[in-house]
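2 protein chains.
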Amino acid sequence: MTKTLQLGIAGLGTVGAEVARQIIANHNHFTKQAGMPVMVTAVSARNADTDRGFSMQGIQFCDNPLELASMDNVDVVVELIGGSEGVALDLVQAAIANGKHVITANKALLAHHGYKLAVQAEKAGVMLAAEASVAGGIPVLKTLRESLSGNQITRITGILNGTCNYILSTMQHQARDFDDVLAEAQALGYAEADPGFDIDGVDAGHKLALLGAIGFGTAPSIDAVDMTGVRAITMTDMENASNLGCTIRLLAEAEQNDDGEVLMRVRPVILPLDNQLAKIDGPLNAVTFTGTPIGAVTAIGPGAGAGATASAVLADIIDLALGRISPFFGVPADQLAAAPHRTAPQKPERFFIRLKVYDRPGVLADITTILKDHAISVESLLQSGRSDDGENGDVPVILTTHEAAPQAIAAASAELAQLPAVLAEPVILTIGQD
Amino acid sequence: MTKTLQLGIAGLGTVGAEVARQIIANHNHFTKQAGMPVMVTAVSARNADTDRGFSMQGIQFCDNPLELASMDNVDVVVELIGGSEGVALDLVQAAIANGKHVITANKALLAHHGYKLAVQAEKAGVMLAAEASVAGGIPVLKTLRESLSGNQITRITGILNGTCNYILSTMQHQARDFDDVLAEAQALGYAEADPGFDIDGVDAGHKLALLGAIGFGTAPSIDAVDMTGVRAITMTDMENASNLGCTIRLLAEAEQNDDGEVLMRVRPVILPLDNQLAKIDGPLNAVTFTGTPIGAVTAIGPGAGAGATASAVLADIIDLALGRISPFFGVPADQLAAAPHRTAPQKPERFFIRLKVYDRPGVLADITTILKDHAISVESLLQSGRSDDGENGDVPVILTTHEAAPQAIAAASAELAQLPAVLAEPVILTIGQD
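Respectively, the protein sequence lines represent chains A and B. Counting in our numbering, the first sequence runs without a single skipped number right up to 434 at its last residue. Counting in our numbering, the second sequence runs without a single skipped number right up to 434 at its last residue.
Pulled out of the complex, with its shape left as it was, chain A reads as follows (with noise of 0.2 Å):
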C-alpha cells in the first residue's frame, strides 16, 4: 500500500457523497485516525455534474464503476451502489482479482455471495469490510467478530429493519392503521415506493444471514432464514397486544443449540414492553446478543441514512489504514462449519392467533376442536363486537395459547383455513418469553 489511502468510491447516492465529503471536510482528522493521508482519488456514479457538497478537484470520474477495480490510483474500492448481483458483485471481484481491498454496505451482495468473495479476498490477501452492512452506523459486525470473540454465541436477536419498526411503533403509539403508516414512512423517505423488500422481511434476513454466519461460524445461508414480514398486522393485532401487556415488533432471531444447529427467522413477534427490544421506537435498530460467559448485549442506534451509514464505512476505511485487517466472517471462511439448519423450532412457544370469522353460532365450537385436536391449550379467546352485517358479516377472534409444539401450531392452522366460516390466512404470531 501508498504512504496514502486511496479511496475509489461506486455509487454516489446519500451515502456514499456523505463518505465522501467527511473525509474530504475532516482531512486532519482521518490523517491523525488513519495514522496517514486518506484521499478520495476517483468516484463513479450516474451523475457527473451533481453538486454533491464536495470539491471534485483532483478527483477523477467514471462513468463505468468497473474502472475503479484496476485504476493504480485506487487502494479500496468503496462500493455503494447496492444490489446483489450484476454491476456491484463484478466489481467486487474485478477489484479483488485485482488485489484491490473493498469495503461496502452492500448486504443482499454478502447475504448471496459472501462465503464466495470472502474466501476470493482472503486468498488475494485483500480487506473484505461491510460494516455499513447490517445496522448502518451500530457496530454489530465488529462487536460479534472482535468484542465477543471469547464467547460461544447462542442467540442473536434484532431489529434489523428501520422501516418496519417505524410502521409498527407509530402503529402502537398513534393508533393508526398499517397503511396509513406505510404511506407516512414512504412519504418521510423511511420507506421505498416498492417497500416489499423490507415489509416482507427480507432485507432484515439478509442481514441476519450475515449476523448468524458470523456469530456461529457457519457458512452463510440466505436460503436458511425463514421470512415472514408486517404486511398481515392490522391494528387490532396492535391492541390485542396492548391489553396483553405487549407490543409487536419485526424480530430477526439466529439462534444456535448444543448440536450446533441453526434456526434463523424473521418474524413479527409480540414482546412484553419490559423486553429491551420492546421499547425501540421509530427507525431506530437493535441487536441483542448472547452468548456464554457474557450473558447478553445490547446496542441500538440509526440503523440507516446517510451519516450513521457513512460512519459505518469511515470506520473500515481506518481499520484498513491501520492494517486492522480481520476476515469478514471473524474466521477465515474455508474454516466455517457447515451447521445444519433447522426450519422450525425445537421449544414449544406461546401463540396469538387472530382469526376472521362470519359472525354465526358454531364458529367457535369449531375452532376450539381444532385446537384441542391438536394438544393445543388455550389461554384466552375473545370474540370481539358483532358485525353489524349480521351473520354475513365478520368479526375477528383472537386466541392465546399455552405453550404449543410449533408443529402443532401450523397444522392447527392449516384446518382453521380450511373452515367455511374462516374468511382469511389465520394471522399467527409467536409471544415473546421475556
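Keep in mind that a hint or two might mislead.
One copy or two, it doesn't matter: identical chains are merged, so the pair holds either way.
What the hints assert, rightly or not - Below, in silico cross-link-like pairs of lysine to any residue (SDA-like), each with a Cα-Cα straight-line distance of 25 Å or less:
#1 32 with 322
#2 3 with 335
#3 356 with 396
#4 32 with 263
#5 116 with 261
Don't read these hints as lab results, they were simulated from the structure.
Following the hints, complete the assembly by docking chain B onto the known chain A.
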C-alpha cells in the same frame, strides 16, 4: 511472539479464575478464534491451594505477581489485581519494560497512570489493552476507538456504575429507602462493604476519564472529573422525579465544545422516562455516544460480574494474538491533545432543588427571594405535608426551576444553606433535557 500465546494471569478472583476457566475449557474455540493456541502458563494469587474450577496442571504458580513480568514463558501479563498504585502499577510497568504485552481491567490504574503507561507501551512496541476496565462486558472502548473513529465525538453519556444503578432503580420501582437498598446490594454482592468508591461516583469517574480521553483524543485527567455521588438521594427525591414523569440515574457525562474544551461530570440526574438511559434498570451499564456524522448509538449490558468482565479480557487476548493491536487511546499517546477542561457547563439547565426546612411562616418567602436575586425563575414549588412537631419540625420543600445558569444555582444554593430555617445542605439535581 511464539506460535502459542502464553498468558500470565495476576489475580485469580472471580474474573481471573473465569478467564482461566474459559481458556482451558474451550481450547479449540480459542485456537480457532486466535489463530494459535492460547495457554495459561503462569498465575499468581494470594492462595495457591484454592479450587478455582480449573486444573493447575502445567501452570506455574507464583507467590509474587511481579515474577510474571520477567518469565520467559509469559508473552502477556493479564493484570487483575486492581488498585491504582502498589503491586498492580509495579507489575504493569515491569511487564512493559520487559517487552511483555499487558491486558488489564484496572480502571483506577489507567485513570491515574494511563497516559504514562500508554507512552511506555508504545515505545516498547507492546499492547496495552483494557476493554474490561469500562462497562465490563460492553465493548465501549473498542467501539469508541475503532467503530466511531471516523466521527467527531461531541458527547459521551453513560451509566457506568452498576451499584448506583441498582440502588436508584430499586428505589424507583420498589419505593424503598436508600439505606435499605444499599444494604440489600451489599448482601447481593453488588456493593462493597465499604461502598464509598461506588456511591460517591469515584468508580464512574475513573471510567469517564478514560472514555473522555479516547473519545476526544485528549490526555486522560481524573482530576478534571467533577464527581457527585448518590448518598444524598432520598425517596422524596425519587417520588418527586416520578411526579415529573422522570426518574433519577447516576450519569457520567463528558462533552467537548467547539473550542475543544472538555467538561466531565458524574452526578445524579433527573431523566425523562422515555430517555434511553432512564430505562436501564438493575446492575446494568449503558453508554450513549453522540457524534458527527453518526448521530447517537447506545450500548447496554452487564457492567460487572465474572462472565461479562472475562468476555472483555478474552477479546483483548484474541485481538493480541491476531495482531489487532491499537494504541490504548486510539491514537498514539504522544499525539493526545492537552485539552482545556471546564468545570461548569456553559449552557443553562433546569434544576430540581430539595430543601429541608423548619415548618415556619416566612420560610418560603426567604427562599424565593434568594432565587429571585439570582435571576432564577421557579417553575414549580411544593411544600409537602406539615410537620408533626409544629414549628420545630422539618418539612421538605421541592422546587423546580426554568433554565438557569449553573453558576447562579451554585451561588443561590450557598445562600440558601445559610438561612436559619434551612436545616441541611440543599440537594440540587439537574433535570435532563431528552
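Right, here's what the structure says about each hint:
Both within a single protomer and between protomers do residue 32 and residue 322 lie at most 25 Å apart by alpha-carbon distance, with minima of 11 Å and 23 Å respectively. In this homomeric assembly, residue 3 and residue 335 come within 25 Å of each other (Cα to Cα) only across copies, at 19 Å, whereas the closest approach inside a single copy is 33 Å. Proximity of residue 356 and residue 396 under a CA criterion of 25 Å is satisfied intra-copy only: 5 Å inside one chain copy versus 58 Å between copies. For a Cα distance limit of 25 Å, the shortest separation of residue 32 from residue 263 across copies, 23 Å, qualifies, whereas the shortest one inside one copy, 43 Å, does not.
Taking the shortest alpha-carbon separations for residue 116 and residue 261, only the intra-copy value of 22 Å comes in at or below 25 Å, while the best inter-copy value is 49 Å.
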